[in-house]
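K.L.:
Protein chains in written order, with this note's numbering: chain D, 1 to 95; chain F, 1001 to 1321.
Please note: incorrect hints may appear among the correct ones.
Unchecked claim - Partial selection, computed: residues in chain D whose CB lies under 8 Å from chain F:
id, residue
1, Tyr59
2, Asp62
3, Glu63
4, Asp64
5, Arg66
6, Phe67
7, Thr80
8, Leu84
9, Ala86
Claimed, not checked - Here are a few chain D residues that sit away from chain F, every Cβ distance over 12 Å (derived from the structure):
id, residue
10, Met1
11, Asp16
12, Thr27
13, Gly40
14, Asp49
15, Pro74
Claimed, not checked - Here are the in silico distance ranges between beta carbons for each label pair:
id, chain 1, residue 1, chain 2, residue 2, range
16, D, Arg45, F, Ala1169, 26 to 34 Å
17, F, Lys1062, D, Lys19, 47 to 55 Å
18, D, Gly40, F, Gln1136, 32 to 40 Å
19, F, Glu1106, D, Thr24, 44 to 52 Å
20, F, Lys1089, D, Thr24, 52 to 60 Å
21, F, Asp1200, D, Lys19, 34 to 42 Å
22, D, Thr24, F, Ala1281, 27 to 35 Å
23, F, Ala1281, D, Arg6, 22 to 30 Å
24, D, Met1, F, Asp1200, 31 to 39 Å
No wet-lab data here; the hints were simulated from the structure.
From the three backbone atoms N, C-alpha and C, an ideal C-beta is built for every residue, glycine too.
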Amino acid sequence: MAIEVRIPTILRTYTDGAKQVEGTGSTLDELFGDLEQRHGGLRARLVDDKGLRRFVNVYLNDEDVRFLDGLATPVKDGDTVTVLPAVAGGASVAG
Amino acid sequence: MRYENLLESLGHTPLVGLPRLSPQHSRGSGAEVRLWAKLEDRNPTGSVKDRAAFFMIAQAEKDGLLQPGSTILEPTSGNTGISLAMVAKLRGYRVVVVMPENTSEERRQLLRMYGAEIIASPAAGGSNEAVRVAKQIAAERPDWVMLYQYGNEANARAHYETTGPEVLADLPEITHFVAGLGTTGTLMGVGRYLREHNPDVKIVAAEPRYGELVYGLRNVDEGFVPELYDESVLTTRFSVSSADALRRTRELVAAEGIFAGISSGAVLHAGLGMAAKAVAAGERADIVVLMADGGWKYLSTGAYSGTLEEAEARLEGQLWA
Chain D
1 MAIEVRIPTI LRTYTDGAKQ VEGTGSTLDE LFGDLEQRHG GLRARLVDDK
51 GLRRFVNVYL NDEDVRFLDG LATPVKDGDT VTVLPAVAGG ASVAG
Chain F
1001 MRYENLLESL GHTPLVGLPR LSPQHSRGSG AEVRLWAKLE DRNPTGSVKD
1051 RAAFFMIAQA EKDGLLQPGS TILEPTSGNT GISLAMVAKL RGYRVVVVMP
1101 ENTSEERRQL LRMYGAEIIA SPAAGGSNEA VRVAKQIAAE RPDWVMLYQY
1151 GNEANARAHY ETTGPEVLAD LPEITHFVAG LGTTGTLMGV GRYLREHNPD
1201 VKIVAAEPRY GELVYGLRNV DEGFVPELYD ESVLTTRFSV SSADALRRTR
1251 ELVAAEGIFA GISSGAVLHA GLGMAAKAVA AGERADIVVL MADGGWKYLS
1301 TGAYSGTLEE AEARLEGQLW A
């Protein structure tokens, strides 16, 4: 088992078009490092010197990692990580 | 209850227990873990957005921005537009909304009924695109007034002054407040109010997660974060898929008889997630889930008929929150 990472359309140029890829690591940071070895350039689109990029949202099993431990958030086999661009919702129905 | 007119009847919506969906509604072997639904469909036009619309227009009038005959411009995926159109109709303003083309037919019909004019923005990009188009039009039409719900303090203040106090008065023992994240106005306003009275209260956001069409063209370098959004108000934030939102929307009907809109299913999903955490930790929880609107406006999406898989397929590419 590994950690499943879902990639948004705009970043699939780094994954040969794959919607989801797998990786390993004990933290999100390690996971991104692991992905970078097979999908060069991806990490820089997600992370800068200050951490996660402003308009990138990363969810661990649907929970926003900014409210967990950010890049230091522990991850384990069987987890699902979802990467999404920040969009305006309308969530409280309908902006 | 008797009111002088429709606008006076804003708010004071019921807070209804969800005994069948709550993990431990009455004290059994462990602490009580209960869910309570705040039914915002009981507002004048049937959604939580009436509160923000009324407050934003009242503030603009106070600031001298609106005079009889003024034109209000707003990017909206529907409910805010409907609320603004109703208030505007009563106050003598014209309303132009910029709305993504992938929103339900019911919203269009209601907007037209209240006299609003609709400018369609491309489906791809969803509300982000509506915001971009509206900002462009606002620059070309400086005489129009864009209330701009994503950055208007009166939006969050509506919830600080009405929704928050209502929730606390009805449930002083509240431990969690869960609502949808769009403009962020509800969560910012209610969150700040509740925190002032109970610093330990958990404020939880449920954000809709759409399919490829909505995110397809978004560039991760130039996303959109509403100006009202202050991350420090939130305890945590969940991304809820259309499938989970639909499933929970149907559970609301089946278990509790509540016919709510699809975003309410997403909010329930996040609320049940927090409830499960409380049960696991053996902690008492009284969780308020804000149901932003009823299901009426989504009937044409097919969300309530056929199997969940069919409904999910029909919902692909549509904005449901």
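K.L.:
So which hints don't hold here, by number, going up?
P.N.:
Of the numbered hints given earlier, those the structure breaks are 7, 16, listed in rising order.
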